[in-house]
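Participant: One letter stands for each residue in the lines below.
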Amino acid sequence: MKEGLVKISDWQWEMPMHGPMNCPAWFFADRGLMLEMDAKVFEQLHNVACLPGIVRAAMAMPDAHWGYGFPIGGVAAFDANAGGVISVGGVGYDISCGVRCFATGLRREQVAKGLASLMEDLFRTIPAGVGSEGKIRLTPERLDEVLAGGARWAVENGYGLREELEYIEEHGCMQGADPSCVSALAKERQYRQVGTLGSGNHYLEIQSVDEIYCEDTAGVFGLEKDGVVVSIHCGSRALGHQIGTDYIQILGRAAKKYGIPIRERELVCAPILSPEGERYFKAMACGVNCALANRQVLGHLVREVFSRHFPSASLRLIYDVSHNTCKVEAHEVSGVSKRLYVHRKGATRAFGPGRPELPEAYRDVGQPVFIGGTMGTCSYILAGTEMGEELAWGSACHGAGRAMSRNAALKRWKGRDVVASLASKGIIVKAVSWQGAAEEAPGAYKDVTAVVNAAYNAGLVKKVAKVLPMACLKG
Amino acid sequence: MKRFELFEHGADIGVRGLGKTLSQAFENAALAMFSIEVPYIKNIVATCFWQFSCESYDQEGLLTAWLNTLISYADLYRAVFCSFDVTIEDCSLTARVGGVPLNDLQGEKGVEVKGATFTELYVGRRDGIWIAQCVVDV
Chain E
1 MKEGLVKISD WQWEMPMHGP MNCPAWFFAD RGLMLEMDAK VFEQLHNVAC
51 LPGIVRAAMA MPDAHWGYGF PIGGVAAFDA NAGGVISVGG VGYDISCGVR
101 CFATGLRREQ VAKGLASLME DLFRTIPAGV GSEGKIRLTP ERLDEVLAGG
151 ARWAVENGYG LREELEYIEE HGCMQGADPS CVSALAKERQ YRQVGTLGSG
201 NHYLEIQSVD EIYCEDTAGV FGLEKDGVVV SIHCGSRALG HQIGTDYIQI
251 LGRAAKKYGI PIRERELVCA PILSPEGERY FKAMACGVNC ALANRQVLGH
301 LVREVFSRHF PSASLRLIYD VSHNTCKVEA HEVSGVSKRL YVHRKGATRA
351 FGPGRPELPE AYRDVGQPVF IGGTMGTCSY ILAGTEMGEE LAWGSACHGA
401 GRAMSRNAAL KRWKGRDVVA SLASKGIIVK AVSWQGAAEE APGAYKDVTA
451 VVNAAYNAGL VKKVAKVLPM ACLKG
Chain F
1 MKRFELFEHG ADIGVRGLGK TLSQAFENAA LAMFSIEVPY IKNIVATCFW
51 QFSCESYDQE GLLTAWLNTL ISYADLYRAV FCSFDVTIED CSLTARVGGV
101 PLNDLQGEKG VEVKGATFTE LYVGRRDGIW IAQCVVDV
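Keeping their order, the protein sequence lines are chains E and F. Everything in the first sequence is counted per the numbering used here, starting at 1 for the first residue and increasing by one. Everything in the second sequence is counted per the numbering used here, starting at 1 for the first residue and increasing by one.
Don't read these hints as lab results, they were simulated from the structure. Even for Gly, the Cβ is constructed at its ideal location relative to N, Cα and C. Check the hints yourself; a few may be wrong.
Stated by the list, open to error - Which residues of chain E face chain F? A few of them, derived with a C-beta cut under 10 angstroms, are: (1) 237; (2) 242; (3) 407; (4) 410.
What the hints assert, rightly or not - Here are the simulated lysine-lysine pairs, PhoX-like style, with alpha carbons at most 25 angstroms apart: (5) 425/E with 446/E; (6) 414/E with 446/E; (7) 2/F with 411/E; (8) 40/E with 7/E; (9) 42/F with 414/E; (10) 466/E with 446/E; (11) 411/E with 42/F; (12) 338/E with 282/E; (13) 7/E with 225/E.
Model the full structure from these sequences, guided by the hints.
Facilitator: This is the structure we're talking about:
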C-alpha cells in the first residue's frame, strides 16, 4: 500500500493535501484493489490535485489504472471562476467512449436458438477492426452537422428512434459544440467512420440477465431475469483522437503562457475561461457528439439485424453513457450550488435520483450505469446514488480495468484458443482479429465483481443486475 | 542489431525503435507501431509512396508528432506504411514513406493504433544506440 494514505472507510482512502496540492486525493477502493493499484495512479492523482481551481478532491474510481496525465478512472471538478482549468488528459483521446445498452424484449432461450446466425449477420453488418469504414459517406458540411447535432443528427437522418434521445446523456446532443474549433485533418479522418465499432477494447455483446439485485429499479430499467440485452462499447473514433492530438500541443503552449506548472506532458491544460480553454471545450463537445452519433447509428444497425432474425424483438434503449468527457454540471459545494467542469477520464457519470438531466422515467431511481466485464465474465448494470453525488460528483467506475498488459496477454494466449475456450462455455465470439481476441482474453482483466463491489460499498452506486455474455463481436 | 521491439504497458503497448542514427531510430519506431496493426509488417513491400513532414519543440515531442502524423495519414489514405526514409534537422522532420493500401493486404490484421502518447516517451542514445520510444494508445 502506498505510504501516507489515510483510511477514511474500508472503501475510501485519502492522500492528504501536502506540498503543491490544492486539495486531497481520494481513492475509492477496498484494500485488495488498493494493493493492486499501480504506483503511477498515486503519482498521477497527486499531479491532478495540484491543478488550479480544482474543487474538493482529485478522485480515483475502483478500476483506476495508469493513464495519460489523469489516471484512467480519474475524476476531477474545476471551478472556472476560481481559475479552474480544462485538461486534455482529463478527457482522454477517445472522447466520449461509452456504452449503450438495449433491452430486446427477448428471453435467453429464444435468442440461444438463433444466436449463431444472428452473430454471423452482426459480424457482416457492423464495421469493425483496423481500417473499417461505415456505409455513411459524409461531406465536410454534413460532418459539421454531425459534430453539432450528435445523436439528434443520426435520428433526423433515419438512424434510430426520436424517443431514444431522452435516454442518452445530454439528450443526445452536447451543447456548446463548435465544428470550427476542430481541425480539417480531424474531420477528414472521420468522413467514413461514422457507424463503425473500432478495435481494441470496443465490443458489441449479447448478454442475458443472470441476477437481479434491486427488483424495483430493474423493473424501471426494463430488466428481468433471463431477459436479453445488447451492449455496444465504442467512441468517437479517429475524430476524437485527432482532437486530442491537436489540442495537446495547443494546451501545452497555453499552460506555458498562463504559467501553469505541468508535472506530466499529457496533463497540459488551460484556464477554462481562456481562449484556448474555450476552444478545446467546444472541440471536445464535437467529439462527444461524434461518439453519440456513432453509437446511435450502430444501435440502428443492430436493431435492423435483430428484426431480421427475431421479428418479435423490440430493442428499447435503456441508456447511453459516456466515459471520457468534461461536462458542465451543477453540484453543491459547501451548501452552495456551483457550475463545475467535471472531468471523467475512464469514469462514468452516475447521477442519483432527482437530477433534472435524467429521463423522467428514471428520476426516482437514478441513472443507469453499465460496467463492462470481459468476453467471458459477467458485466453489471448499476444505478447512481445521492451519496455518489455528495462524494464524487455523481461518478462511478467504468469497467474491470486491465490486470495484464496487451503484450503479456499475447505471449500467454492465442486468439483462436481464447475463442475456442469461450465457445466451449457456450459463448460465441466473432473477432475481426485473432490478435485482438488474445489481447482481450478474460484473464487479462481484473475481477469486475471486486471493482463493482467496491463502488457499491463506497456508496457510489447501487447494484441493479448482473448480466452474462452469450456472444461478443470484437473489433 | 534488432530494429524495433514492443514493450509492456498496463493498458496499451510501448513501441521502441533502435538505430545507429536518430533518424533510423525514428524509422524503426514507426515500423514497430505499424507492426501492431499488421504483425507481418517487415515482409510487406511498399507499392505507394508519400512525402510527410512535421515539427515540434524538442526531439521527444518530434517523435510523437512523427508517429501521430503517420497514424493520421495512414487512416486518411487507408494504407499501412512499411518503409521510412527519415531526415531530421533540429526539431523538424521530413520523410519519404512507403506503404500499401489496406485492401491489398491478404494476411490477418492486428489491432488499430489510435494515437502516440507522451507516456514512457524517450529519445536518446544509450551505449552507442539511438532509442526512440513511447506508448501508443490502442
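Participant: Give a verdict on every hint.
Facilitator: Going down the list of hints, with the structure as the test:
1. 237: 9 angstroms, holds
2. 242: 6 angstroms, holds
3. 407: 5 angstroms, holds
4. 410: Holds: closest Cβ of chain F sits about 9 angstroms from residue 410/E, inside 10 angstroms.
5. 425/E with 446/E: 20 angstroms, holds
6. 414/E with 446/E: 19 angstroms, holds
7. 2/F with 411/E: Since the Cα atoms of residue 2/F and residue 411/E sit roughly 19 angstroms apart, the hinted pair holds (cutoff 25 angstroms).
8. 40/E with 7/E: Status holds; Cα separation ~20 angstroms.
9. 42/F with 414/E: 21 angstroms, holds
10. 466/E with 446/E: 17 angstroms, holds
11. 411/E with 42/F: 20 angstroms, holds
12. 338/E with 282/E: Holds, because 21 angstroms separates the two Cα atoms, which is no more than 25 angstroms.
13. 7/E with 225/E: Violated - the C-alpha atoms of residue 225/E and residue 7/E are around 38 angstroms apart, more than 25 angstroms.
When each numbered hint is compared with the structure, a violation occurs for hint 13 only.
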